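K.L.:
The listed protein sequences correspond, in order, to chains A and B.
Counting with the working numbering, you get residues 1 to 128 for the letters of the first sequence.
Counting with the working numbering, you get residues 1001 to 1502 for the letters of the second sequence.
Hints were generated in silico from the structure; no laboratory data involved.
Possibly wrong hints are sitting among the right ones.
[Unchecked claim] List time: in silico DSSO-like cross-link candidates among lysine-lysine, alpha-carbon distance up to 30 Å: (1) A:K78 with B:K1448; (2) A:K78 with B:K1094; (3) A:K99 with B:K1448; (4) B:K1463 with B:K1022; (5) A:K77 with B:K1119; (6) A:K78 with B:K1022; (7) A:K78 with B:K1364; (8) A:K77 with B:K1162; (9) B:K1448 with B:K1364.
[Unchecked claim] On the chain B side, residues computed to face chain A include the following (Cβ under 8 Å): (10) W1163; (11) E1192; (12) S1195; (13) I1197; (14) I1201; (15) D1203; (16) V1237.
[Unchecked claim] Covered by chain B, according to a simulated footprint, are these stretches of chain A (three or more residues, beta-carbon under 8 Å): (17) 32-42; (18) 52-59; (19) 62-75.
Since the structure is predicted, the reported quantities are computational estimates derived from the model, not experimental observations.
Beta carbons are placed, not taken as given, at the ideal position from N, Cα and C, and that holds for glycine.
Here is how the chains run, residue by residue.
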Amino acid sequence: MERSSEKNEDPFRAAIIILRDKEIPQEIANELLIEARRRGFRLEVFVFSDLDPPDEVAILFPLINHNHSVTLSIITKKLVPHIGEELTGRGIDVVYVEKSVREKVRLELEKRGLNLKIFDGGTNELEA
Amino acid sequence: MNLKPEVIITTDRTMMSNHHRKEFLGFVATGPAIGLPEKIWLWISSPKPKILDDGEPLEAPYGLRKVEAALLKSGIETKVVDPAYLNHYIETTKVLMIGHHDFFAYGPPSNEWWLITGKEPINRISFAKLMESQAIRRMKKNGVKIIVGGPAAWQWLYEREKWKKWGVDSVVDGESEKVIGKLVERALNGEEIPSYIYVGIKDVPSLEEIPEIVKPSVNGLVEIMRGCPRGCRFCSVTLRPLRFIPLEKIEREMLVNVKAGIKSGLLHSEDVLLYGADGVKPKEEPIMKLHEMALRHVEDLGWSHASMAAIRYAQEKYKLISKIMEMLKTKQDFLGVEVGLETGGLELAKKIMPAKSAPYPVEKWHETVEEAMKIMHENDVIPAVTLIIGMPEETEEDLLQTLELLDKIKGYRSLIVPMMFVPMGALKNKEFYKKEMIRDLHIQILYKTYQHSIYWAKEIVRKSYLKSPTYLPLRGVLEFFMWYVENKVEKIVKELPTLRSA
């Protein structure tokens, strides 16, 4: 088998900010897997939510169930007001923010120059 | 060496046992206690192992031994501890690692016995008891990090309440040798660790990166290869790259067992006959060399799995089954192995396991199964044959063809174990088999496999498997159990119109 793991490439790193009763669309899961395969078959996902562990892991079922080849590492975190600080310095490539997450959170992340993508995780509009 | 290292590896009683040196008896723990008290049931499947030093078992499941070896290779001191001795390690443990084949009895055949009897299987009960034991609760109170893994890691995704309740910090799914050292180091340093890790192809260990076990494995099990080239869609092993473990590495692991007094050997692979093969075509030389080497060291040898197609090909091309058995019979009467039949439905086979019959065409699947069963019967190879029902895309015609195939092989000594579909491998996003999905034809298949297995089980137990006088008490209990099941099933059959005419 051709092995290039010795090069020790960085994983593709994504953060997902989502609230309970919302879902990750399959397209986002697919997007992440494609990016991870391009980067070297490793994906690190930080899930920030108001859920208790391990339910945040279950949010990523669309990702887990469609993955057969990528090393997937899911780090779960409580959604906190200083989210920007939490994410800075972690080498995050993209932050997916569910559209019902407070505007303030979005602004803080934008201020820190993070690559934001807003997504619709369902119909229940909840405020953080 | 520190006798109380900070990292402890364990599992529950149904796994931490040598199953009376009869690996197949371990499967008894996949069912609920029927007709017998739970204690006796547990004694049949999983007697306590010999303990060496402060809770360290003489032999431990191979997977735990691999994790132990990987940690030691990373410079992390660790020890495998029998579950009954965890209370000796409450104050010293910082990371507790737990492995299992079937944590919650969702795997085959546990889920099948559960579905049929409506009672929780013993392995599930036993694992819950371990997690709720005072020792683990006190460890958790002390801030111990719990990391779980093994072939059943995926089951935690369906048991999130228990994941939460028992305070599991991380679930590792896949071949962990390359990731486990870093993960445990982070846990020991009090750093943030992932809740879930799936090991992808980039982090699958190469041959050189697979560490050799340093302490004995249950019943002398040693791995001879990883991965499988057949690509069946329901199987997770097929997603792993194929690697043949070099003979000298296998020999060193066998010697670890032999030196510890374990004189039996069990060759583990998804298809033992594909060791050193040319694709799906077995080759004579590597197989013969493997067996010659093994027989220099052990007093009896078993195989974990083989395939119908490889058995047929190996015999037709090289008379290999006869040659191997001729060698083995200098030391033992029979060879036990698990073999997958999975379905008799040809259309279904084309969809979900098109290479299972290779190098023979899938259209000749029945012929391949019949031939392989005949070869095994004539050479005293006793297979436990697995059959899956409730697979996605299964049609009535597939089930009828399965019944037809079961008729064709009824004269061959074997046990047939029907299993309900469990979403794994490339089918992992499909639905589990549920009670409401049972069709009349499923019941007929279950009944036919029961009739087949009960008929042959009596002969196998008496003449082969438990022939030795040492096994007399165990044989007595099992014969009572078979008598009990026969009576029970006959009563049920009388009430089931589907079966009265079958």
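K.L.:
None of the hints should be skipped; say for each whether it holds.
P.N.:
Results of checking the hints against the structure:
1. A:K78 with B:K1448: Judged against 30 Å, a Cα distance of about 53 Å means the pair is violated.
2. A:K78 with B:K1094: At roughly 24 Å apart (the allowed maximum being 30 Å), K1094 (chain B) and K78 (chain A) satisfy the hint.
3. A:K99 with B:K1448: Judged against 30 Å, a Cα distance of about 56 Å means the pair is violated.
4. B:K1463 with B:K1022: holds, 15 Å
5. A:K77 with B:K1119: violated, 37 Å
6. A:K78 with B:K1022: Answer violated: K78 (chain A) to K1022 (chain B) is near 48 Å, above 30 Å.
7. A:K78 with B:K1364: violated, 56 Å
8. A:K77 with B:K1162: holds, 19 Å
9. B:K1448 with B:K1364: holds, 22 Å
10. W1163: This interface hint holds because 5 Å falls under the 8 Å limit.
11. E1192: holds, 6 Å
12. S1195: holds, 5 Å
13. I1197: With a minimum Cβ separation of about 5 Å from chain A (threshold 8 Å), the hint on I1197 (chain B) holds.
14. I1201: holds, 5 Å
15. D1203: At about 5 Å, which falls below the 8 Å cut-off, the nearest Cβ of chain A leaves the hint on D1203 (chain B) intact, so it holds.
16. V1237: violated, 12 Å
17. 32-42: Check passed, 3 qualifying residues.
18. 52-59: Our answer is that it holds, as 7 residues pass the Cβ test (under 8 Å) against chain B, meeting three.
19. 62-75: Three-residue rule met by the region 62-75 of chain A, so holds; n is 12.
In summary, the numbered hints that this structure violates are 1, 3, 5, 6, 7 and 16.
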